[in-house]
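Peer 1: Next come the chains, spelled out residue by residue.
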Amino acid sequence: MSSISGIEPVPPKPLVTAAQLSVALPVLAVLLASAIFAAFVALYGQNPATVFGLIVQGGFGSSFAWQDTLSRAAPLVLVGLAVAIPAQAGLVIIGGEGALVLGGLAGAVVTLPFAGAHAFPMQCLMLLAGALIGGLWFGLAGVLRQYRGVNETISSLLLSYIGIAVFHHLTEGMLRDPASLDKPSTHPIDPSYMLPTLPGVGVHAGLAVSLLLAIAVHVVLRYTRWGFALRVVGGSARVARMIGLAVNRWIIGASVVAGGMAGIAGAIEVAAVQGTANSSLIVGYGYSGILVAFLARHQPLAIVAVALLIGGMQASASLLQRRLGLPDATMLVFQGLIFVCVLVADAIAQQLRETTRR
Amino acid sequence: MDGTSIGWLALPLAILGGAIRVSTPFIFVSIGELITEKSGRINLGLEGTLMLGAMAGYGISYLSGSPWLGVLSAGLAGMAFGLLHGLLCSVKRVNDTAIGISLIVLGTGLAFFLGKPLIEPKAPPLPSIALGFWSSVPQVRAALDVNALFFVGIALAFAVYVFLNRTGWGLMLRTVGDSEDAARALGFPVLRVRIIATMAGGFLAGIGGSFLSLSYPGSWSEGLSSGQGIMAVALVIFARWRSVNALGASLLFGGAGALGPALQGIGVTGYYYLFNAAPYILTLAIMVASTSRAAPFADAPGELKLHR
Numbered sequence: 000m001s002s003i004s005g006i007e008p009v010p011p012k013p014l015v016t017a018a019q020l021s022v023a024l025p026v027l028a029v030l031l032a033s034a035i036f037a038a039f040v041a042l043y044g045q046n047p048a049t050v051f052g053l054i055v056q057g058g059f060g061s062s063f064a065w066q067d068t069l070s071r072a073a074p075l076v077l078v079g080l081a082v083a084i085p086a087q088a089g090l091v092i093i094g095g096e097g098a099l100v101l102g103g104l105a106g107a108v109v110t111l112p113f114a115g116a117h118a119f120p121m122q123c124l125m126l127l128a129g130a131l132i133g134g135l136w137f138g139l140a141g142v143l144r145q146y147r148g149v150n151e152t153i154s155s156l157l158l159s160y161i162g163i164a165v166f167h168h169l170t171e172g173m174l175r176d177p178a179s180l181d182k183p184s185t186h187p188i189d190p191s192y193m194l195p196t197l198p199g200v201g202v203h204a205g206l207a208v209s210l211l212l213a214i215a216v217h218v219v220l221r222y223t224r225w226g227f228a229l230r231v232v233g234g235s236a237r238v239a240r241m242i243g244l245a246v247n248r249w250i251i252g253a254s255v256v257a258g259g260m261a262g263i264a265g266a267i268e269v270a271a272v273q274g275t276a277n278s279s280l281i282v283g284y285g286y287s288g289i290l291v292a293f294l295a296r297h298q299p300l301a302i303v304a305v306a307l308l309i310g311g312m313q314a315s316a317s318l319l320q321r322r323l324g325l326p327d328a329t330m331l332v333f334q335g336l337i338f339v340c341v342l343v344a345d346a347i348a349q350q351l352r353e354t355t356r357r
Numbered sequence: 000m001d002g003t004s005i006g007w008l009a010l011p012l013a014i015l016g017g018a019i020r021v022s023t024p025f026i027f028v029s030i031g032e033l034i035t036e037k038s039g040r041i042n043l044g045l046e047g048t049l050m051l052g053a054m055a056g057y058g059i060s061y062l063s064g065s066p067w068l069g070v071l072s073a074g075l076a077g078m079a080f081g082l083l084h085g086l087l088c089s090v091k092r093v094n095d096t097a098i099g100i101s102l103i104v105l106g107t108g109l110a111f112f113l114g115k116p117l118i119e120p121k122a123p124p125l126p127s128i129a130l131g132f133w134s135s136v137p138q139v140r141a142a143l144d145v146n147a148l149f150f151v152g153i154a155l156a157f158a159v160y161v162f163l164n165r166t167g168w169g170l171m172l173r174t175v176g177d178s179e180d181a182a183r184a185l186g187f188p189v190l191r192v193r194i195i196a197t198m199a200g201g202f203l204a205g206i207g208g209s210f211l212s213l214s215y216p217g218s219w220s221e222g223l224s225s226g227q228g229i230m231a232v233a234l235v236i237f238a239r240w241r242s243v244n245a246l247g248a249s250l251l252f253g254g255a256g257a258l259g260p261a262l263q264g265i266g267v268t269g270y271y272y273l274f275n276a277a278p279y280i281l282t283l284a285i286m287v288a289s290t291s292r293a294a295p296f297a298d299a300p301g302e303l304k305l306h307r
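Just so you know, the sequences run in chain order A and B.
For the first sequence, numbering that gives the first Met the number 0 begins at 0 and goes up steadily by one.
For the second sequence, numbering that gives the first Met the number 0 begins at 0 and goes up steadily by one.
Some hints could be false.
Mimicking SDA-like on lysine to any residue, the simulated pairs with C-alpha atoms at most 25 Å apart in a straight line are [to be verified]:
no.: 1; chain 1: B; residue 1: Lys115; chain 2: A; residue 2: Gln320
no.: 2; chain 1: B; residue 1: Lys304; chain 2: A; residue 2: Gly148
no.: 3; chain 1: B; residue 1: Lys115; chain 2: A; residue 2: Ser33
no.: 4; chain 1: B; residue 1: Lys304; chain 2: A; residue 2: Asn247
no.: 5; chain 1: B; residue 1: Lys304; chain 2: A; residue 2: Ser235
no.: 6; chain 1: B; residue 1: Lys91; chain 2: A; residue 2: Ser21
no.: 7; chain 1: B; residue 1: Lys91; chain 2: A; residue 2: Ile35
no.: 8; chain 1: B; residue 1: Lys304; chain 2: A; residue 2: Tyr146
no.: 9; chain 1: B; residue 1: Lys304; chain 2: A; residue 2: Leu351
no.: 10; chain 1: B; residue 1: Lys304; chain 2: A; residue 2: Glu353
no.: 11; chain 1: B; residue 1: Lys91; chain 2: A; residue 2: Val231
no.: 12; chain 1: B; residue 1: Lys115; chain 2: A; residue 2: Ile35
Computed spacing ranges between beta-carbons, pair by pair [stated by the list, open to error]:
no.: 13; chain 1: A; residue 1: Met241; chain 2: B; residue 2: Ser178; range: 25 to 33 Å
no.: 14; chain 1: B; residue 1: Ala141; chain 2: A; residue 2: Arg175; range: 31 to 39 Å
no.: 15; chain 1: A; residue 1: Asn247; chain 2: B; residue 2: Leu130; range: 46 to 54 Å
no.: 16; chain 1: A; residue 1: Thr16; chain 2: B; residue 2: Arg165; range: 49 to 57 Å
no.: 17; chain 1: B; residue 1: Arg191; chain 2: A; residue 2: Ala18; range: 31 to 39 Å
no.: 18; chain 1: A; residue 1: Leu30; chain 2: B; residue 2: Leu86; range: 19 to 27 Å
no.: 19; chain 1: B; residue 1: Phe162; chain 2: A; residue 2: Ala215; range: 51 to 59 Å
no.: 20; chain 1: B; residue 1: Ser178; chain 2: A; residue 2: Phe227; range: 30 to 38 Å
no.: 21; chain 1: A; residue 1: Ala215; chain 2: B; residue 2: Leu8; range: 54 to 62 Å
no.: 22; chain 1: A; residue 1: Gln350; chain 2: B; residue 2: Val151; range: 37 to 45 Å
no.: 23; chain 1: A; residue 1: Leu180; chain 2: B; residue 2: Val287; range: 35 to 43 Å
Keep in mind that the hints were calculated from the coordinates and are not lab data.
We put the beta carbon where it would ideally sit given N, CA and C, even for glycine.
The whole structure should be built from the sequences, with the hints applied where relevant.
Peer 2: This is the structure in structure tokens:
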């Protein structure tokens, strides 16, 4: 707000520019979170240096660690996109877990009637089925928001719980393979339909799919009218209507695409890792996706980088447990600390930008 | 009908007993959320607070041998988390929805981390009051074995009603929540009121969590909470920000939550998971029915940003 009277103190020349700040503050935030985490593990009687060393080693220290990290990053990228795409339009949809497990279930059963077909069309079919169901699930949250004024954050989370219940009901009932005794699962998919391993990397092809989708989302949001329209809708629905955008369609469309991403993540987990749909699919990827998207400020390419970081941190949890006896939740604490610190840093950066612009 | 076999009556009895048990944490969390929202802020992080309270309550009850001390510490742990939420959201431009989600991650993480050694031991549970003493039917006795916290919750709902509508502090809280400008003009300390309201909300949510670990289901495990903290937000909307309504809504949700186990108890197991999802389906249905596009939240506090 500039004053009209003209008696405005000349702002002192800022020491750093806004652009520098928007990079420096998140880094500072992660450092602060690391410091708090270090104090936390020190209180617990562990040497922080050892803990950080093991996190780096367990996440990125060997080719085995990298494979683990990368195969975790693949679904994280997609569930991150599932949060980031609606966020462009101003929506906070956090029910990725439900869309992921239902997408996985759809992927697991869709090829069962087709035995002995070519692998490639079947693989596409699995991902497509996952995308469809996931899209439907998120689309519901979008429809409820636009037509009934139901808060999408809450409705998506409720839908997530309902989706998980439906998943349990079907995998332990109608769709259960009677041969799966101790862990109710669907009939296993034909082994020849499993996604191949990427040559030279040792990680399944789902990683390539998720990277390509991240790049595609980046291009669409950055360089096309669609991305612009979505941001206008997110900025102000009134302005969007004035320039002739069908707001409902854009918001529901963004929700459907986002749900599709989460559904594909589930289908990839089934088609590349599990080979069947069972409770191993419900490991909280959907919730980690929220963290990934917010840390990446909903930027698709940054999501890839953050997914790698979070994937690495999660991969190192088992090493921390084996070596130091720290609970698996150690990494959850660290992630929560980073999440909080980065959000506050973001708010401060925004304030500073406003003051320097003034 | 003899004393032990009561036929189909077993189902409504089991639902009644279950409703009382399942609703108790809902009463505390939703009234906590209601106090916070009345100040104009939304705390989505109560799910994390609930887990932290469940862990702290169980741990302190185990270490001290006194479950009531556990309940108190659960409240204090929740209050500390409420303070954190209140302070973080006082930073200008911060996204309070995101802060709530981040505190779910942090609270759950801390609860799992510190609660790891508590999975094995058995803490002394909260005592319950045998209101079914007059009956010789075991199902009646089981259904009316009511925890004292349930009655505290009922009293709380009415106390909060009186506080909000009949006291000066209640007026201050409502003013801060309805119009920040008006509150400032009256010289009310807006930020301080909001932080205290969030702390009070956290305190109650922590107590709600301690009920989970100390009474029903009555032990500490990582799967203890199933979204009660999130559903509380929906429940407060449904209750139109009135504490006595929140009590009724909690009972309704409790009944829905008791449906699955009650049916399982009489041998209907086919739709176990779907019946277990009944509270979520009910919440969603209620939200769809009770909001409309034209006037989404007619009775909401003016400063509350539920629909951006």
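Peer 1: State for each hint whether it applies.
Peer 2: The hints, checked one at a time:
no., hint, verdict
1, B/Lys115 with A/Gln320, "holds (12 Å)"
2, B/Lys304 with A/Gly148, "holds (13 Å)"
3, B/Lys115 with A/Ser33, "holds (22 Å)"
4, B/Lys304 with A/Asn247, "holds (20 Å)"
5, B/Lys304 with A/Ser235, "holds (15 Å)"
6, B/Lys91 with A/Ser21, "holds (16 Å)"
7, B/Lys91 with A/Ile35, "holds (23 Å)"
8, B/Lys304 with A/Tyr146, "holds (19 Å)"
9, B/Lys304 with A/Leu351, "holds (23 Å)"
10, B/Lys304 with A/Glu353, "holds (22 Å)"
11, B/Lys91 with A/Val231, "holds (24 Å)"
12, B/Lys115 with A/Ile35, "holds (20 Å)"
13, A/Met241 with B/Ser178: 25 to 33 Å, "holds (29 Å)"
14, B/Ala141 with A/Arg175: 31 to 39 Å, "holds (33 Å)"
15, A/Asn247 with B/Leu130: 46 to 54 Å, "holds (52 Å)"
16, A/Thr16 with B/Arg165: 49 to 57 Å, "holds (54 Å)"
17, B/Arg191 with A/Ala18: 31 to 39 Å, "holds (36 Å)"
18, A/Leu30 with B/Leu86: 19 to 27 Å, "holds (20 Å)"
19, B/Phe162 with A/Ala215: 51 to 59 Å, "holds (54 Å)"
20, B/Ser178 with A/Phe227: 30 to 38 Å, "holds (36 Å)"
21, A/Ala215 with B/Leu8: 54 to 62 Å, "holds (60 Å)"
22, A/Gln350 with B/Val151: 37 to 45 Å, "holds (42 Å)"
23, A/Leu180 with B/Val287: 35 to 43 Å, "holds (40 Å)"
This entry satisfies every hint, going by the numbered hints stated previously.
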